[in-house]
Amino acid sequence: MPTRAPAGAVAAAEAVAAAGVEAYPRIVATLIRVTGDWALAEDCAQESLTVALERWPADGVPTNPGGWLMTVARNRAIDVLRRATVERRKLHDLALLTPDDASPEPQVGQDVVDDRLRLIFTCCHPALALEARVALTLRTVCGVPTADIARLLLVSESTMTRRLTRTRTRIAQAGIPYRVPSGPALTERLPGVLAVLYLLFTRGYVADGEPAFADEAVRLARLLDRLMPEQSEVAALLALFLFQHSRADARRDAAGTLLTLQRQDRDRWDREAIAEGLAALDRVRHDGPYAWQARIAACHATAASADDTDWPTIARAYDALADIRPSPVIALNRAVAHGYAYGPAAGLVLLDAARAGGGLDGYPLSVAVEADLVARQGDRPRAAGLFREAAAAVGSAAERRALLDRAGELDR
Amino acid sequence: MKYMMFVCSDTEPDTDPTELPDIHKWVAENDSQGRRLTGNVLGSTSAATTVRVRDGELLVSEGPFAETAEVIVGFDLLDCADLDEAIEVARTHPMARQGRLELRPFADLSD
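So the sequences go chain by chain: P and W.
Position 175 of the first sequence, counted from 1, bears residue number 175 in my numbering, the numbering being contiguous throughout.
Position 71 of the second sequence, counted from 1, bears residue number 71 in my numbering, the numbering being contiguous throughout.
Bound-form chain P, shown alone (with noise of 0.2 angstroms):
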């Protein structure tokens, strides 16, 4: 196989990475497919990445990386098998197996791009738990370590390595097939595939979260997207992610307190996320609930300042969700959207609609948003204690300390 002069450690250390980034889901996807293993798959995968780590500084890194690492977990899964003796059809199956390892760009044939979809549902099949949807798509899809997935879900390693074995275990037993549903079967599942996504990407976004789930997250949507580029929901999704994402640097200040919208500063936001996020939203043809969501995103994401956002639009953006996908947090949401657009009275008539439900009971949220409303009324007195209220009651200390400043600044 061809490879370039050797590298020095670190850069050949590099090269794995970048490698493994894009090679081991499609690599842990066609064993899967070929040896119907999921264990063995991913063991081989990773394996290839540790023969790279040992080989590449020495040898130098291959001119098609993802090839030869293919090249590698294949023969070691045929090792494994072999020893095994009695898979006889598979190891005839993996023997076809033969990467092009000619091709500078690993081949994007329409078999990968259905192996790795294939992944991807198998991964988000609502036949399994919600939790273990999200830990074998990280595991699997993404490859990120066990210890990493443990550490994000907050349970020890051990304890996430017997999850993973028993959701493969269950895939097997119950008979989930490694496929991507079709006709209308399709449609019923992408929202389950989608959810995992949000969550993951959600989960990377809070104010005490794991920014490792949020590249994830974009990562995956970005792959689904190019898969599965008809879907306009999926396009929604990523434009959304990348909106979002691209606040990420400007979310805190140096003290590390977090910053809304309007207190950030705006040349710190990712502006090539952006210009990717509008892309994605141009191929968006439909009115879904992540579809609204991206336009509102957009809205903030194009605003040159907090005063020049497009608050009516955004007002219009949130009554179609609150249609489509009513919550009592697109409610609260909505009342922000009304109040900036048609004054805070405005905001607090649909506060008190929102919490007629009973739905935002003990969100402290839906405080900070009325002592906002309060606020912007001019009754500084009662706006300052509605944020010592909400600050009491939040959960995440970034967010009190956020809080208790607007509290302070009342008070002056």
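Keep in mind the hints are simulated off the structure, nothing from the lab.
In this text, a Cβ means the ideal position worked out from N, Cα and C, and glycines have one as well.
Do not rely on the hints blindly, as some may be mistaken.
Label-pair distances were calculated between CB atoms; the ranges are [what the hints assert, rightly or not]:
#1 W:Thr50 with P:Pro326: 31 to 37 angstroms
#2 W:Glu62 with P:Gly359: 43 to 49 angstroms
#3 P:Gly395 with W:Asp22: 37 to 43 angstroms
#4 P:Leu130 with W:Thr38: 44 to 50 angstroms
#5 P:Arg226 with W:Thr50: 52 to 58 angstroms
#6 W:Leu109 with P:Ser156: 31 to 37 angstroms
#7 W:Leu20 with P:Pro184: 51 to 57 angstroms
#8 W:Asp10 with P:Ser327: 24 to 30 angstroms
#9 P:Pro229 with W:Val27: 39 to 45 angstroms
#10 P:Pro184 with W:Leu109: 43 to 49 angstroms
Short, incomplete list of chain P residues facing chain W, as computed with Cβ under 8 angstroms [unchecked claim]:
#11 Ala127
#12 Ile176
#13 Pro181
#14 Gly183
Non-contacting residues of chain P with respect to chain W, defined by C-beta distances greater than 10 angstroms in every case (computed) [what the hints assert, rightly or not]:
#15 Arg89
#16 His125
#17 Leu154
#18 Ala174
#19 Arg263
Keeping the supplied structure of chain P fixed, place chain W upon it in accordance with the hints.
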């Protein structure tokens, strides 16, 4: 793959019974496709007898062992390619709307 599909009742069915799919049609269709091997409706739980042996002693008692509001009222033995096909078969069963269906694959004891 073979699945035992337990047909379970719900305590308070919330579906209009006139809108349920026709069970005879469901049986005929799935039998002719070879997806349903057999199945039956069970007698009431008052006719059930529970058998246990503890410390070598035979214990026979009236009724189902666990007293639950939702009970198994029937079963179907399915032969499907995978879980997705079994779910498709289950979704068209009238009791999917009026009760619940539990799909249990047969354990693979070949190892």
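*asked:* Check the structure against each numbered hint from earlier and tell me which ones fail, lowest number first.
replied: Violated hints (numbers, rising): 1, 3, 4, 7, 10, 14, 16 and 18; every other hint is consistent with the structure.
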